[in-house]
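Novice: Take the sequences, apply the hints, and build the full model.
There are 2 protein chains.
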Amino acid sequence: MNNKIEFDLILKNGMVINVFTEEIIKTDIGIKNGIIIRTGNLDGKNIINCEGRYLSPGLIDAHLHIESSMIAPKQFADFISLRGTTTIIADPHEIVNVSGENGLNYMLEETEDCSCNVFFNLPSCVPATKFENNGCNFSSEKMKKFIHNKRILGLGEVMDYVSVITNEEEMMKKINLFSNKIIDGHAPRITGDDLQSYRLNGIITDHECETYQEALEKLRMGFYILIREGTAAHNLKELLKPILEDKIPLEQLCFCTDDKHIDDIDKNDHIIHNVRMAIQLGLNPIKSIKLASINTARLYNLKKLGAVSVGYQADILVLDNLEELNIQFVLHKGKVIIENNIPKKNKDIINSINIKNIDDYDIKLKLSETETTVIKLVENQLTTKKELSKVILKNNIFIPDNIHQKVIVIERHNKTGNIGIGIIKNFGLEKGAIASSVSHDSHNIIIVGTNDDDIIMALKEIKLMGGGYAVSHNKKIICKQQLELSGLMTDTDRRTLSKNLNNMIDICHNMGVKKCFDPFITLSFLALPVIPEIRITDTGLFDVTNFKFI
Amino acid sequence: MNNKIEFDLILKNGMVINVFTEEIIKTDIGIKNGIIIRTGNLDGKNIINCEGRYLSPGLIDAHLHIESSMIAPKQFADFISLRGTTTIIADPHEIVNVSGENGLNYMLEETEDCSCNVFFNLPSCVPATKFENNGCNFSSEKMKKFIHNKRILGLGEVMDYVSVITNEEEMMKKINLFSNKIIDGHAPRITGDDLQSYRLNGIITDHECETYQEALEKLRMGFYILIREGTAAHNLKELLKPILEDKIPLEQLCFCTDDKHIDDIDKNDHIIHNVRMAIQLGLNPIKSIKLASINTARLYNLKKLGAVSVGYQADILVLDNLEELNIQFVLHKGKVIIENNIPKKNKDIINSINIKNIDDYDIKLKLSETETTVIKLVENQLTTKKELSKVILKNNIFIPDNIHQKVIVIERHNKTGNIGIGIIKNFGLEKGAIASSVSHDSHNIIIVGTNDDDIIMALKEIKLMGGGYAVSHNKKIICKQQLELSGLMTDTDRRTLSKNLNNMIDICHNMGVKKCFDPFITLSFLALPVIPEIRITDTGLFDVTNFKFI
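So the protein lines, in turn, are chains A and B.
Reminder that position 386 of the first sequence reads as 386 in the working numbering, one-by-one numbering, no gaps.
Reminder that position 406 of the second sequence reads as 1406 in the working numbering, one-by-one numbering, no gaps.
These aren't lab readings, by the way, just hints derived from the structure by calculation.
Any given hint could be a false lead.
Unchecked claim - From chain B, some residues computed to sit far from chain A (all C-beta separations above 10 Å): (1) K1012; (2) E1109; (3) N1426; (4) K1463; (5) D1491; (6) T1545.
As the list claims (entries may be wrong) - Below are the PhoX-like pairs computed for lysine-lysine, each with C-alpha atoms no more than 25 Å apart in a straight line: (7) A:K303 - B:K1304; (8) A:K304 - B:K1480; (9) B:K1333 - A:K181; (10) A:K32 - A:K303; (11) A:K333 - A:K26; (12) A:K515 - A:K480; (13) B:K1150 - A:K145; (14) B:K1150 - A:K150; (15) B:K1145 - A:K145; (16) B:K1247 - A:K287; (17) B:K1364 - B:K1394; (18) B:K1287 - B:K1304; (19) A:K287 - A:K303; (20) B:K1480 - A:K303; (21) B:K1026 - B:K1335; (22) B:K1515 - B:K1480; (23) B:K1431 - B:K1386; (24) B:K1514 - B:K1548; (25) A:K32 - A:K12; (26) B:K1287 - A:K241; (27) B:K1303 - B:K1287; (28) B:K1431 - A:K304; (29) A:K415 - A:K480; (30) B:K1247 - A:K181; (31) A:K304 - B:K1303; (32) A:K173 - B:K1304; (33) B:K1144 - A:K145; (34) A:K26 - B:K1247.
To be verified - Ranges of calculated distance between the beta carbons of each label pair, as one might list FRET restraints: (35) A:T383 - B:E1238: 49 to 57 Å; (36) B:N1351 - A:I25: 53 to 61 Å; (37) A:I25 - B:I1024: 45 to 53 Å; (38) A:N167 - B:N1351: 48 to 56 Å; (39) A:I5 - B:I1024: 49 to 57 Å; (40) B:N1301 - A:S139: 49 to 57 Å.
From a predicted model like this one, the values you see are computed outputs, not experimental measurements.
All residues carry an ideal CB built from backbone N, CA and C; glycine is no exception.
Specialist: Following this line, the structure appears as structure tokens:
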């Protein structure tokens, strides 16, 4: 009955990866209006010869924060789609912490029509805890107007697990709003009774597993594990190797990046990096691809995504082989993606640095004893250790040395003048100061420094730029990056950004920061009071384990 | 934080089947308010010792028609739940064909609170084709008021595939109503371009596969195959054996019964029969159970069903082993199911036989030639063959013989007086007549007979009973079963019903009906114009292959 279809495009003679039966089937793909409408032996005017090529479904990143890339969302989408990620499920947690509903609307509008399918889960924990001073309280009431948006798939990672397991009222309202959708989790090291209570409330994913034991406990409870390879967090090998050895079913596994810097994406690609790693671990390439395609589509109920098959959106990677998965080109909605110059738009989200006069801030740290609680960084991890350490004092004032530096957090949303001052250990900085307006989740200004002059210098620069990164030494700014969008992202060309960031990272390493740390990512997590064991906020040191200020 | 929970019930020391990791894990199960809220080492007042027992999730039948059991829905639910089926996804296609919205409301209300979770998909093809004379046109407009009911999961099996692939307007309206839910298919022998067009419209399941080739084509296109073991249709061995041999992933497979008679359930149990057969075919018991639990729950988005795990409804089978799966007892919502006496209720759905005076019907079949088109039954199948056959004529009037009997269909909803008369071959009836008010999908009255007197006799009895089965011989009714609910079901005790039905089947076989046919089921499908190759309706013989009357 459909003998004469005029296709918009035919991919001819490709070897199609069938994620349903896990076969490779040589067939033509007929596309019309962005949808695959026929397979088989097809003819038409517009043909791309795919002889000898493999056709994979466009890949899906199950969980990420666009803001972590530091480039504007539309630009980000174009950038990753060229690298094979044609769908992302983003949690706009960072920008909503800074700019509230304006931030969310900005993200939705900017990604409405780009070369990637961009879905969102509404950030569940803004502010991250009740101890936070951030830019917005994103309440269940505010969420209501967004839940019928077809691009909102569910509730974003529920970090505040205490509120969940104690059935705190506002948290329950949020969870109930999404009872028929997906509720993403964030449960690092939560186990036993606490984990059971957490699961009992309908939370169904977790992307924070660091060990196989942790993943296995969660899998047994029906959690879907989003296996993460980000810039700072590397969990794939640790989790997937024993899963394969023990022949655990792969149905509840997906891949995600969570937080991946633009220069890291440039070097190592995006979610396809997870797929390649899985193949290197010995997982069959088709099964590996499933973890970044149909598995994720099924979990998030994306009916037209995740497969190269009739009725599915024509998001297709054309690959040259099934070992390295080199991408020849990528189709999104049936069109070959090419790199665009992105026009800039006016934003509601600039001018987000709202602090007191810098001279008003007193950044001296008075201590009565040389042995004091410090934040000890753990190499290659986001977690920290709470430690008692001997530091140098002069007239009861803390003096940084090569082991211990000063870290300060300055509230930047409501001009409260709040400032938290603490000590970090094991970071390595030997001179100058490093400042950033990116610091999860409240995104107050965080600065690590070896002396007060450079700290103040860097802080001034952050204010001047309306947000960004700044590195100072000998009272001079030696490098900087403006992040004018909510103090998190920029509309600059991504190559310029990437190049500058790499340069800044090198400078920081030359100033002594240990090579195992990306200085800015490490800084950005130092203020997040939901990752163990100890953090610093604008109101002081916070003991995550006991969930209280020290 | 949850040290002192008072459980309603604890299942102690059972070996729990974990459908997530495919492990057996010995643990206690703590239940409160019908939900599993804890596992581990638990204590409480109300304990059932499950030492040495296996705990399986309550089983799910992915697709069935309650009406096919012929007992009232609440009673049916109680009956099957004792046999391990704690959830069904029913298509109330039969009763809606007869009693419209009254029928649907009756089904919803009666199953609101019973020992089984009863979900419905709205019947998509009422009437089954535009050539039908049935009791209701269940339009997309009528569906709208039901779609927000939480027990309506989607659109029921879309049998009218021609309307789908030609994008007929009303069919598209129905499909669009359910674009975010599940749309069940019914695509026997549909293949190639037609199947692609069918899938393109979002239809995602099929339970009509008879061959592996058919199933494989559908699996490759992303269909979920609901593997059926019903009273008449037996597809499991044919499909599952090669699927296992070829190591096709099992993720898109579920089990269903479709149509299963009450006496068949009594003898062979319900959906657990499919699971047992799969085990006999060599499939690992846990994987077998998944096809009747978590797989189906995932497909139909039943978040709290399909697993024995925290957060899941406490629907649990306690089994003595993993080979025969003998059921010790069944929990539904945390309570041990016991057999109930079901109170009868008043119904809107009795008095459904609305026909002319019986003397007004002329049931003679005039033919001009001895060679004529007949309906040839195929042994062990629902399909029929269109055949030219030599029959006996006397004054141009057809005379039944041992090979050919008369079959008539009488419209029973709107008193139109419509009567279709034809000939069937290979049924075996040697004397008397068999009549039924159950005949898919319009459920007009269908009668097969060897002589006109007995046909009229049986018809009279059907009218008198307000629907049911009747068998006549020598102008006497020799057995009968009243089906007063829409002419499809009865409120009689199921044991009495089952015994009587078995007796009636024996009588029919003694009257010559071939042993390979259940006489009433065979009759009930003879009028369904969507199963190949030839059918009879109240307006005449219908060629299914060419989709027109002969």
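Novice: For each hint, tell me whether it holds in the structure or not.
Specialist: These are the hints, each one checked on the structure:
1. At the 10 Å boundary, the C-beta of K1012 (chain B) stays outside the reach of chain A, the nearest C-beta of that chain being 17 Å off.
2. For E1109 (chain B), the condition that its CB be more than 10 Å from all CB atoms of chain A holds, with the nearest at approximately 23 Å.
3. Against the 10 Å criterion, N1426 (chain B) stays outside the reach of chain A, whose nearest CB is about 33 Å from its own CB.
4. The beta carbon of K1463 (chain B) is kept farther than 10 Å from every beta carbon of chain A, the shortest such distance being approximately 43 Å.
5. Distance check for D1491 (chain B) against chain A: the nearest CB is about 35 Å away, which clears 10 Å, and the non-interface claim stands.
6. Against chain A, the non-interface label of T1545 (chain B) holds: every CB pair exceeds 10 Å, the least being about 15 Å.
7. Among the hinted pairs, K303 (chain A) with K1304 (chain B) is consistent with the structure: their alpha-carbon atoms are about 21 Å apart, no more than 25 Å.
8. With a C-alpha separation of about 51 Å, the suggested pair K304 (chain A) and K1480 (chain B) falls outside the 25 Å cut-off, and the hint is violated.
9. For the hint pairing K1333 (chain B) with K181 (chain A), the CA-to-CA distance comes to about 23 Å; that is within 25 Å, so the pair holds.
10. Note on K32 (chain A) and K303 (chain A): the hinted pairing holds, with a Cα-Cα distance of about 18 Å set against a maximum of 25 Å.
11. Only pairs whose Cα atoms come within 25 Å are accepted, and K333 (chain A) paired with K26 (chain A) is accepted, the gap being roughly 21 Å.
12. Only pairs whose Cα atoms come within 25 Å are accepted, and K515 (chain A) paired with K480 (chain A) is accepted, the gap being roughly 20 Å.
13. Simply put, K1150 (chain B) and K145 (chain A) have alpha-carbon atoms about 22 Å apart, close enough for the 25 Å limit, and the pair holds.
14. Taking the CA atoms of K1150 (chain B) and K150 (chain A), the gap is about 20 Å. The hint holds against a cut of 25 Å.
15. Straight-line distance between C-alpha atoms of K1145 (chain B) and K145 (chain A) comes to about 24 Å, which keeps the hinted pair within the 25 Å bound.
16. The straight-line distance between the Cα atoms of K1247 (chain B) and K287 (chain A) is roughly 13 Å, inside the 25 Å bound, and the hint therefore holds.
17. Proximity of K1364 (chain B) to K1394 (chain B) is assessed by CA-CA distance (about 11 Å); at most 25 Å being required, the pair is judged to hold.
18. Pair hint K1287 (chain B) plus K1304 (chain B) holds up; C-alpha atoms about 19 Å apart against a cutoff of 25 Å.
19. A threshold of 25 Å between alpha carbons decides the hint, and for K287 (chain A) with K303 (chain A) the separation of about 19 Å falls inside it, so the pair holds.
20. At roughly 49 Å between alpha-carbon atoms, K1480 (chain B) and K303 (chain A) are farther apart than 25 Å, so this suggested pair is violated.
21. Annotation: proposed proximity of K1026 (chain B) to K1335 (chain B) holds, straight-line Cα distance about 21 Å (limit 25 Å).
22. With a CA separation close to 20 Å, the supplied pair K1515 (chain B) and K1480 (chain B) stays within the 25 Å bound.
23. Using a Cα cut-off of 25 Å, the hinted pair K1431 (chain B) and K1386 (chain B) holds, with the two alpha carbons roughly 24 Å apart.
24. A hinted pair counts as satisfied when its Cα atoms are at most 25 Å apart, and K1514 (chain B) with K1548 (chain B) does not qualify at roughly 30 Å.
25. At roughly 15 Å between alpha-carbon atoms, K32 (chain A) and K12 (chain A) fall within 25 Å of each other, so this suggested pair holds.
26. Our distance criterion of 25 Å between C-alpha atoms is met by K1287 (chain B) and K241 (chain A), whose separation comes to about 22 Å.
27. In summary, the hint linking K1303 (chain B) to K1287 (chain B) is supported, as the alpha carbons are separated by about 19 Å, within the 25 Å threshold.
28. For a cut-off of 25 Å, the pair hint linking K1431 (chain B) to K304 (chain A) is broken: about 56 Å separates their Cα positions.
29. This hinted pair checks out: K415 (chain A) and K480 (chain A) have alpha carbons roughly 23 Å apart, not beyond 25 Å.
30. For the proposed pair K1247 (chain B) and K181 (chain A), the alpha carbon gap of about 32 Å is over 25 Å, so the pair is violated.
31. Proposed proximity of K304 (chain A) and K1303 (chain B) is supported: the alpha carbons are some 21 Å apart, at most 25 Å.
32. Our distance criterion of 25 Å between C-alpha atoms is met by K173 (chain A) and K1304 (chain B), whose separation comes to about 19 Å.
33. For a cut-off of 25 Å, the pair hint linking K1144 (chain B) to K145 (chain A) stands: about 24 Å separates their Cα positions.
34. Distance hint between K26 (chain A) and K1247 (chain B) is fulfilled; the C-alpha atoms sit about 20 Å from each other, no more than 25 Å.
35. Taken as a hint, the range 49 to 57 Å holds for the pair T383 (chain A) and E1238 (chain B), whose Cβ atoms sit roughly 54 Å apart.
36. At roughly 56 Å, the beta carbons of N1351 (chain B) and I25 (chain A) sit within the given window of 53 to 61 Å.
37. For I25 (chain A) and I1024 (chain B), the Cβ-Cβ distance of about 37 Å falls outside the hinted range of 45 to 53 Å, so the restraint is violated.
38. For N167 (chain A) paired with N1351 (chain B), a C-beta distance near 52 Å keeps the hint of 48 to 56 Å intact.
39. As the Cβ distance of I5 (chain A) to I1024 (chain B) is approximately 51 Å, the hint placing it in 49 to 57 Å holds.
40. Our hint of 49 to 57 Å for N1301 (chain B) and S139 (chain A) is violated, since their Cβ atoms are close to 27 Å apart.
The structure does not agree with the numbered hints 8, 20, 24, 28, 30, 37 and 40 stated previously, though it agrees with the rest.
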